[in-house]
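*Asks:* Position chain B relative to chain A; hints supplied.
If you're matching them up, the sequences are chains A and B in order. So for the first sequence, my numbering puts the first residue at 1; every next one is plus one. So for the second sequence, my numbering puts the first residue at 1; every next one is plus one.
Derived from the structure by calculation, the hints contain no laboratory data. Predicted model only: the values in this text are computed from it and were never measured. Ideal Cβ placement from N, Cα and C applies to all residues, glycine included. Accuracy of the hints is not assured; some may be wrong.
[As the list claims (entries may be wrong)] Among chain B residues calculated to face chain A with C-beta under 10 Å, some are:
| # | residue |
| --- | --- |
| 1 | Val4 |
| 2 | Arg55 |
| 3 | Phe64 |
| 4 | Phe69 |
| 5 | Phe90 |
| 6 | Gly96 |
| 7 | Glu103 |
| 8 | Leu104 |
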Amino acid sequence: DQQVKQNSPSLSVQEGRISILNCDYTNSMFDYFLWYKKYPAEGPTFLISISSIKDKNEDGRFTVFLNKSAKHLSLHIVPSQPGDSAVYFCAARVARGSNYKLTFGKGTLLTVNP
Amino acid sequence: DSGVTQTPKHLITATGQRVTLRCSPRSGDLSVYWYQQSLDQGLQFLIQYYNGEERAKGNILERFSAQQFPDLHSELNLSSLELGDSALYFCASSVGVGRETGELFFGEGSRLTVL
Numbered sequence: 001d002q003q004v005k006q007n008s009p010s011l012s013v014q015e016g017r018i019s020i021l022n023c024d025y026t027n028s029m030f031d032y033f034l035w036y037k038k039y040p041a042e043g044p045t046f047l048i049s050i051s052s053i054k055d056k057n058e059d060g061r062f063t064v065f066l067n068k069s070a071k072h073l074s075l076h077i078v079p080s081q082p083g084d085s086a087v088y089f090c091a092a093r094v095a096r097g098s099n100y101k102l103t104f105g106k107g108t109l110l111t112v113n114p
Numbered sequence: 001d002s003g004v005t006q007t008p009k010h011l012i013t014a015t016g017q018r019v020t021l022r023c024s025p026r027s028g029d030l031s032v033y034w035y036q037q038s039l040d041q042g043l044q045f046l047i048q049y050y051n052g053e054e055r056a057k058g059n060i061l062e063r064f065s066a067q068q069f070p071d072l073h074s075e076l077n078l079s080s081l082e083l084g085d086s087a088l089y090f091c092a093s094s095v096g097v098g099r100e101t102g103e104l105f106f107g108e109g110s111r112l113t114v115l
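Chain A on its own, in the form it takes in the complex:
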C-alpha cells in the first residue's frame, strides 16, 4: 500500500525555468511533509518541510505547497539550476502515540539542462 506517491519517475527542465515536483498521499493522519534530495552515491539530504496546518512554506528558491483537500503537495524550484539535478523524495510523517514514522515516495529524478 503506497501511502505516498510520486507518479512522475522523471522530470526534465531547462535551466532558469520552474521545476514542479508532485506528490500525492492517502493517509489523512500525516501531520508533516518533507522533501529530500539525493545525489548519486550520497544519502538523502533534507530540503524543506511543511506542517499540515500550513499551505505554503518557502526557503529561497524552494517552495512547498500543500493542498490538504486534494491530499497533494508540490515542490517548486525557481529558477532551476543544473546543480538541482538529483532524485527528489517526498516523505510524510505520522504519529502513533509517541512514535513518529516517515513514509517515503519512490522519488522523482529531476534533470536540469543547461
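*Replies:* Just chain B now, with coordinates in the frame of chain A:
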C-alpha cells in the same frame, strides 16, 4: 557530510550468507533508523532504535535483525540472504524520536549485492 557514518559502502556476497552493516549516528543523536531502497522502490522503513531500545518496526523481515549499542552505534544483521535482498541500505539518525519536524540525517548507504 551529514555526520552519519555507514560501513561498508559496498558488499558483495552469496545467497545464504549473513552480513552485518554498521552505522554511527551524528554526535548527540539518540535515534537510529534503518531504511532499504531496492530497485524502483522508495525508501522502505525497516526499524528504529532510540537510546538503545527498539522504538518502531516497519517492513523488516524475520531474517533481519538490528540493535543499538550503548555507544549509540547500530548494526543491521541480514541472514540467509536471498537475491531479492540486494539493495541500498541507509541508516539515518535524529536527535529525538522524530517529534519535532521528522527531519532525519542520512548516511551514504551500504550497497549490498547478493549473487
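*Asks:* Would you pick out the hints that fail for this structure and give their numbers low to high?
*Replies:* 3, 4
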